[in-house]
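**Q** Sequences listed follow chains A and B, in order.
Heads up, the final residue of the first sequence is numbered 306 in full-length UniProt numbering, and it's a clean run with no missing numbers.
Heads up, the final residue of the second sequence is numbered 306 in full-length UniProt numbering, and it's a clean run with no missing numbers.
Certain hints may be false.
Copies of the same chain are indistinguishable here, so a pair counts whether it falls within one copy or spans any two.
[Claimed, not checked] Okay, derived cross-link-like pairs now, DSS-like style, lysine-lysine, Cα gap no bigger than 27 angstroms in a straight line:
{"id": "1", "residue 1": "K268", "residue 2": "K190"}
{"id": "2", "residue 1": "K117", "residue 2": "K221"}
{"id": "3", "residue 1": "K304", "residue 2": "K234"}
{"id": "4", "residue 1": "K180", "residue 2": "K234"}
{"id": "5", "residue 1": "K88", "residue 2": "K221"}
{"id": "6", "residue 1": "K274", "residue 2": "K190"}
{"id": "7", "residue 1": "K274", "residue 2": "K133"}
{"id": "8", "residue 1": "K5", "residue 2": "K304"}
{"id": "9", "residue 1": "K190", "residue 2": "K234"}
{"id": "10", "residue 1": "K297", "residue 2": "K5"}
{"id": "11", "residue 1": "K126", "residue 2": "K221"}
{"id": "12", "residue 1": "K133", "residue 2": "K40"}
{"id": "13", "residue 1": "K274", "residue 2": "K41"}
{"id": "14", "residue 1": "K191", "residue 2": "K286"}
FYI, nobody ran anything at the bench for these hints, they're computed from the structure.
2 protein chains.
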Amino acid sequence: MSEIKIFSPATVANVACGFDVLGFCLDNIGDEMVIRKTDKKGICITKIEGFDLPFEAELNVAGVSALAMYEAAKPDCGFEIEIYKNIKPGSGIGSSAASAVGSVFGMNALLGNPYNKTELTQFAIKGEALASKCEHADNLAPAIFGGFTLVKSVAPLEILEIPSPDDLYATIIHPQIEIKTSESRAILPKKVALQDAVTQWANFGSLIHGLHTSDYNLIQKSLHDVIVEPHRSKLIPHYNEVKEASLQNGALGAGISGSGPSIFSLSKGLETAKNVKNAMKNVYSKTGITFEIHMTKINTEGIKIL
Amino acid sequence: MSEIKIFSPATVANVACGFDVLGFCLDNIGDEMVIRKTDKKGICITKIEGFDLPFEAELNVAGVSALAMYEAAKPDCGFEIEIYKNIKPGSGIGSSAASAVGSVFGMNALLGNPYNKTELTQFAIKGEALASKCEHADNLAPAIFGGFTLVKSVAPLEILEIPSPDDLYATIIHPQIEIKTSESRAILPKKVALQDAVTQWANFGSLIHGLHTSDYNLIQKSLHDVIVEPHRSKLIPHYNEVKEASLQNGALGAGISGSGPSIFSLSKGLETAKNVKNAMKNVYSKTGITFEIHMTKINTEGIKIL
Numbered sequence: 001m002s003e004i005k006i007f008s009p010a011t012v013a014n015v016a017c018g019f020d021v022l023g024f025c026l027d028n029i030g031d032e033m034v035i036r037k038t039d040k041k042g043i044c045i046t047k048i049e050g051f052d053l054p055f056e057a058e059l060n061v062a063g064v065s066a067l068a069m070y071e072a073a074k075p076d077c078g079f080e081i082e083i084y085k086n087i088k089p090g091s092g093i094g095s096s097a098a099s100a101v102g103s104v105f106g107m108n109a110l111l112g113n114p115y116n117k118t119e120l121t122q123f124a125i126k127g128e129a130l131a132s133k134c135e136h137a138d139n140l141a142p143a144i145f146g147g148f149t150l151v152k153s154v155a156p157l158e159i160l161e162i163p164s165p166d167d168l169y170a171t172i173i174h175p176q177i178e179i180k181t182s183e184s185r186a187i188l189p190k191k192v193a194l195q196d197a198v199t200q201w202a203n204f205g206s207l208i209h210g211l212h213t214s215d216y217n218l219i220q221k222s223l224h225d226v227i228v229e230p231h232r233s234k235l236i237p238h239y240n241e242v243k244e245a246s247l248q249n250g251a252l253g254a255g256i257s258g259s260g261p262s263i264f265s266l267s268k269g270l271e272t273a274k275n276v277k278n279a280m281k282n283v284y285s286k287t288g289i290t291f292e293i294h295m296t297k298i299n300t301e302g303i304k305i306l
Numbered sequence: 001m002s003e004i005k006i007f008s009p010a011t012v013a014n015v016a017c018g019f020d021v022l023g024f025c026l027d028n029i030g031d032e033m034v035i036r037k038t039d040k041k042g043i044c045i046t047k048i049e050g051f052d053l054p055f056e057a058e059l060n061v062a063g064v065s066a067l068a069m070y071e072a073a074k075p076d077c078g079f080e081i082e083i084y085k086n087i088k089p090g091s092g093i094g095s096s097a098a099s100a101v102g103s104v105f106g107m108n109a110l111l112g113n114p115y116n117k118t119e120l121t122q123f124a125i126k127g128e129a130l131a132s133k134c135e136h137a138d139n140l141a142p143a144i145f146g147g148f149t150l151v152k153s154v155a156p157l158e159i160l161e162i163p164s165p166d167d168l169y170a171t172i173i174h175p176q177i178e179i180k181t182s183e184s185r186a187i188l189p190k191k192v193a194l195q196d197a198v199t200q201w202a203n204f205g206s207l208i209h210g211l212h213t214s215d216y217n218l219i220q221k222s223l224h225d226v227i228v229e230p231h232r233s234k235l236i237p238h239y240n241e242v243k244e245a246s247l248q249n250g251a252l253g254a255g256i257s258g259s260g261p262s263i264f265s266l267s268k269g270l271e272t273a274k275n276v277k278n279a280m281k282n283v284y285s286k287t288g289i290t291f292e293i294h295m296t297k298i299n300t301e302g303i304k305i306l
């Protein structure tokens, strides 16, 4: 095998109470990439469709993660990368993570899978850092592992796969506005009230328990964010209306996807998820802001060969 | 049945990363209480052995929780309470919780169990509040439910039973010094760094996952407290030495039990727990401070009829 086509999924990080550590994987939204072995050494990005991104490997997220792996593996070949980008950069659903993960996953497969998933994430972190200026893995981990993941720590990298109930659906609305990562970071307080932190970890521990026990009622009660949402939601127009509409239509919970502007909700069952999708859509349809909306099952497989 | 004898267990609250929400139940340390139905209405404490505590029901933790239940149940009888107190008040292993829980558990049994465990905890909170000046349930819940419990919220009261591996042992050392609850509360900062809070909930979520999956290695990696321990440990003489000794002898983790001064450690297996017990004991034997030391399996049953 000298060429491989892969699907690299979009992901939702933070997930309300799980700021900076929790994420989950989406099912039918993602980038496609072709990775090809070449005799010529090095990493060469030969095609980018969808969005205007740099072709220089050192300046491209997929290129940087590919280089990190390439330097470690020292293979007797080179790689060409074609990127068919569907996830808009800056959307808040792991666009850079999908790119960072795609190149290393594809190269690993072509090399006979010398690296495990955590090692792949470690390489991908380098690419992610190019986009977000800091090393984090809360979008990378669900893209590679699928399902829900908890990044216990980045250094050393420790990723936990959290089970989730079968009938869980995500709805994501992506208002076509730009929020700078620097702005969404700057708006967060450096310190938080101890009492709020306690509430947050009570909710987070409960969410982990609820995912383990498929307790939708508990998942619903746990999907609250008292730390980050009060600040970042101000950057997203009509956030509270969208959230309220999704909850009133049966969503278990809703929150900011990553650092926004996308808003996610989680629902039990397809019918509820459809209603929630319509409700979220209705709110934004009245605003004049263009948007995309997606509804998917939780993708328990993660990145895959097409 | 008109008289019942019960065993009301000691408990460890906070459990490193689970400040204010997590607790577990101890197996062979606890109070005994006799609850007796009487024709004469009201709650009457007729005997207290072990420690000098008030006989007036309104001033006694067991009395206050008993009165809360009595007023709700409005039974056609009264109750006498005998308290054989083994857990020293102020030890940090749930002395007041054992008292608060014991009276309502016993009365409930004599009345044919009209109340479930969460309702019993709700009554017991009133007694606990007399001792600690605030309503909390992180010792009450494990005493009533057994095992590990997560108090998701106090109002409304929501308690989750977290599974734990079979081979988990706790060692508790109780230095015979007094730390005022007011002092241990006052030493805590009102605000904490967001980054520390993230570390804490990453650890807490990981601990819940580790308990669910019986992953001792993960439990070990998760039993860290970056929020409370740095402050409260200063109030406990030789805290760092005891912790270090227990870790060096194979403990999975160690921390402050409740608000101290007791120090707990958790170990996999009886042999390790014995070594840890000896190591903790050795540290304090050299200090001139008198102490008690206990080693028990996690008590998954909780409070029980003898």
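**Q** Could you place K274 and K41 in one of the four classes (within, between, both, neither) given a Cα distance threshold of 27 angstroms?
**A** neither (48 angstroms within a copy, 59 angstroms between copies)
**Q** Is it within a copy, between copies, both, or neither that the alpha carbon of K190 lies no farther than 27 angstroms from that of K234?
**A** For K190 and K234, both the intra-copy (17 angstroms) and inter-copy (25 angstroms) Cα distances are at most 27 angstroms.
**Q** Is it within, between, both or neither when you check K117 against K221 at 27 angstroms Cα-Cα?
**A** between (32 angstroms within a copy, 20 angstroms between copies)
**Q** How would you classify K274 and K190 at a CA-CA limit of 27 angstroms: within, between, both, or neither?
**A** neither (38 angstroms within a copy, 43 angstroms between copies)
**Q** If the cut is 27 angstroms between Cα atoms, do K126 and K221 qualify within a copy, between copies, both or neither?
**A** between (36 angstroms within a copy, 25 angstroms between copies)
**Q** My question is about K191 and K286: at a cut-off of 27 angstroms on alpha-carbon distance, are they close within one copy, between copies, both, or neither?
**A** neither (37 angstroms within a copy, 40 angstroms between copies)
**Q** With identical chains treated as interchangeable, where does the CA-CA distance between K180 and K234 reach 27 angstroms or less: within a copy, between copies, both, or neither?
**A** For K180 and K234, the Cα distance is within 27 angstroms only inside one copy (13 angstroms; across copies 42 angstroms).
**Q** Given identical chains, is K304 near K234, meaning Cα to Cα at most 27 angstroms, within a copy, between copies, both, or neither?
**A** The answer is neither: 36 angstroms in one copy and 51 angstroms across copies each exceed 27 angstroms.
**Q** Checking K5 and K304: alpha-carbon separation at most 27 angstroms within a copy, between copies, both or neither?
**A** within (9 angstroms within a copy, 61 angstroms between copies)
**Q** For K274 vs K133, is the C-alpha pair at or below 27 angstroms within one copy, between two copies, both, or neither?
**A** neither (36 angstroms within a copy, 48 angstroms between copies)
**Q** Between copies, within a copy, both or neither: which fits K297 and K5 at Cα up to 27 angstroms?
**A** within (22 angstroms within a copy, 53 angstroms between copies)
**Q** Measure nothing new, just compare the shortest in-copy and cross-copy C-alpha distances for K133 and K40 to 27 angstroms and report within, between, both or neither.
**A** Neither. Shortest intra-copy (31 angstroms) and inter-copy (73 angstroms) distances fail the 27 angstroms Cα cut-off.
Violated hints for the displayed structure, listed by number in ascending order: 1, 3, 5, 6, 7, 12, 13, 14.
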